[in-house]
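**Q** Here is what each chain is made of, one letter per residue.
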Amino acid sequence: MTVNNRPVQYLLDPETPLLFALREASNLTGTKFGCGTGDCGACMVLIDGVPLRSCLVSIAEAEGRVITTIEGLSRDRSHPVQQALVAEQAIQCGFCTPGIAIAAAALLEDNPSPSREQIDAAIPNLCRCGVYPRLVRAIERAGRVAARAEVIDAAPPPAIAPEEAARDVPALRTTTAPPRD
Amino acid sequence: MSAYLKQDEPDNVNRLDHMRQGVLGTDASRIEGLLKVTGTAPYAAEYQLDDCLEGVLVTATISKGEVTAIDADSVLSMPGVVAVIDDPSLTARAAQGTAGEAPAQPAREVGYFGQPIALVVAESFEQARDASKHLKVSYRADDDVAFDPEAVEAEPQDGATSQGDLAHAMKEAPFSVDVTYTTEGHSSAAMEPHAAIAQWDGDTLTVYASLQMLNYNISELADSLGLDEDKLRLVSRYVGGGFGSKLGVSEETVAASVAAMELGRPVRVAMLRQQVLQCIMRRSETRQRFRLAAGEDGKLTGFGHEARVSNLPGESFAEPVLQSSHFLYAGENRELSMEVARIHRMTAGSVRAPGEAVGMPALECAMDVLAEKCGLDPVELRLRNIPDRHPANGTPFSSHKLAECLKQGAEAFGWDSGPRSPRHTREGEWWVGTGMASAARVHNVGEAKARVTLKADGTALVETDMTDIGTGTYTILAQTVGEMLGLPVAKVLVELGDTHHPRGPGSGGSWGAASICSAAYLACLALRETLAKRADVAEEKLELKDGAVVGGASLIDLLDGRDLAEEGHYEPGDIADDFTASGFGAFFARVRVNRFTGETRVEHMTGAFGFGRVLNTKTARSQCLGGMTWSIGAALTEAMLFDPVDGHLANCDLAEYHVPVNRDVPDLDVVFVEERDGAASPIQAKGIGELGMCGGAGAIANAIYNACGARVFEFPMTPDKVLAAMPD
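Chains as they are written, first to last, in the working numbering: chain A, 1 to 181; chain B, 182 to 909.
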């Protein structure tokens, strides 16, 4: 399969959930384990462009497909959904955030200006912090940004240096982080 | 150097209002936001350690008794299995919040179904999980175990109030209400399951875990393991939600530590979702009786609130249902008392807003019944019953914004204060109605330390073991320090969640923000003293903005190539006893109820809140939105359901335990009522993290009645209950 534009062959049991392969073998820990039973959506990734719960997809089923995880959504954190989620503060603890970003990115790919009803239908993800009202606004705004109808000022730099984050999660350095000098 | 304050007097100087940077109280976006939207913020289970083993907890299949034998040989020959850990250090329950000591040990003594009893360690998670299912365990199971809180004698709790003669007041009053409500248990259900990775180097143990209060957790873990605290380091930089469930060290953290020390290799233990629900704290179910007596004018002459909650034997925690009832409304004849039933469900402990989360909605429902009897607008009834002082002990309020919240909230919502009767509006098959409730949540602060270093390059570094569980601690600390030292937020680096740093207050009880920002504020005041001397002005006259003295030298020049560090140390003093301090608010809800199915949909909610200085309007609003979302869950869907035969939790996953989803939550309005509370903290801020759910479910319940005429006395108000209570 292809993961974030790189060919990958997992030497794992074919029944292994894609979620575990991504997190444990590829060290792509941005995709979260929230329940393991397809209830929460924290593990959503794009499989051939469709947002699916990776805890319910085996690597056998994912064979030959193109997988995009949160780390591969943009190379420079610039995806309109990522920017809008920060700007609209549709993030709290952040654990459901990657799954929501994936679901929202897929929605906007198909429909750049979704209605509230369409957003509700496309975002089944659970969020215990309760960002839902902000989420709807963030997705609408991301749609406008994607359509070049609006610009978001770059989100502020993170509190922890990228080098440190990369050290903590080494796979990011090789698969997703833009070249640094 | 350090700056210490034990606050004995209110601080109404409001220094922060006179600083020049203008970043505190703004809508600054959270500084760790990009890490979270790119999946690069590391949570507890995501630290990469070489040679790390995986552990899976084995849980009890009896409800009470003892593990008599664990047959390790039954799994040791399975592929990849390294060890079966059944050390007496393993803990049977999670520690209660702020316990600071080991929770119940050993794990072999079983007190509830699903309790962890051992740990199977293997090379891979799959191997460990497989072996955990095959481990042969022998038990001695007790008979006659109590599971039903209504079927046992209950122990009375200390702290009851008995004043005047309530029975007499009830008899004499022109209007009186005697009603009983029940609420079901709640689960925090944070999105990140509990997880820990422990690494032992033969001398020091490093544990990456998902914890809210490292300042207490380090003592709890050290005590559990029999290790000195200085041989222990806890790291919790990002926490995927807490809501009380990660206040105390829980079973997986101790198990990972024991295994790592025994095996000499790093061990990770991540709980399965089902285990989180089965062996982490539940909010107790409650039964609450209200007796309200009022005169012709609606003023309360009697106030009674009696509650029964439950917990395991030996647990000190009792859901503090009456917490705000003690002071919210007047009434000279008062009876407030609580009792605890000892039963064998999992430990009852703190779940977001312990006490008021269930006490306030029930009280506000009873007030709605009283308003109807008195023929008064529910807002007016509350306005008439705001006491001047604590009605029982007479202490003054530190600051009290309930009236303003009621008025401003009603205006923002468009509340109709005219006569009210149910079933006034029908749209197709839906009845539409409105309801309201007051909000109250006691304010607490805790001892806190933070080190602030002004770097020679003109940036600042904040270090504390305080955590950010999604609340925005990173950001508000950067804003507080930026405001005090004249720096934009981007110039302040905040390092949290590491016990190598000074001890913070921990995230819990809504006290985190006010406490830790007070510590940072004190450190900055001391830094300003030094800078003022160097700039040759009095500290009070020192104006700092954008990295320089206004019209003068830059910080870099004043620092002259050397870092400058101060540790702020804040401790609550006499103010904690001299005042009754609380956040107040008001909820307004519009719902529609299906006349055929009894289904309730919340159409709109407004919350108006007064909780002192708002440090960040964005993160504060998010706390309120989150609380109101929880109000919807508590009102309509959330209930832990227990098997009456063996007490096991029947709905132990997110498919069956129903937290609100996107489609359940409409647009929510939040109104901040301007307030500075100098007796609450040196930065005039109060707790905000829990107030948003302290009464909200009552507003929804009252709206259900106003919509369709169904008075329901059981939370959550699921369609079956609404339908049964709906008049023909």
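By construction, these hints were calculated from the structure, which means they are not laboratory data.
Here a beta-carbon is modelled for each residue, glycine too, at the ideal position from N, C-alpha and C.
There's no promise every hint is true.
Said to hold, decoys possible - Restraint ranges, calculated between C-beta atoms of paired labels, are given here:
#1 B:Asp411 - A:Asn5: 46 to 54 Å
#2 B:Asp208 - A:Thr37: 33 to 41 Å
#3 B:Asp325 - A:Thr37: 28 to 36 Å
#4 A:Thr37 - B:Asp638: 47 to 55 Å
**Q** Next step is simple, just say for each hint if it's right about the structure.
**A** Do the hints match the structure? See the list:
Asp411 of chain B and Asn5 of chain A have their C-beta atoms about 47 Å apart, which keeps the hinted 46 to 54 Å range intact. For the pair Asp208 of chain B and Thr37 of chain A, the supplied restraint of 33 to 41 Å holds, since their beta-carbon distance comes to about 37 Å. Between Asp325 of chain B and Thr37 of chain A the beta carbon distance is about 35 Å. The supplied range of 28 to 36 Å therefore holds. Against the hinted window of 47 to 55 Å, the Cβ-Cβ separation of Thr37 of chain A and Asp638 of chain B comes to about 50 Å, which satisfies the hint.
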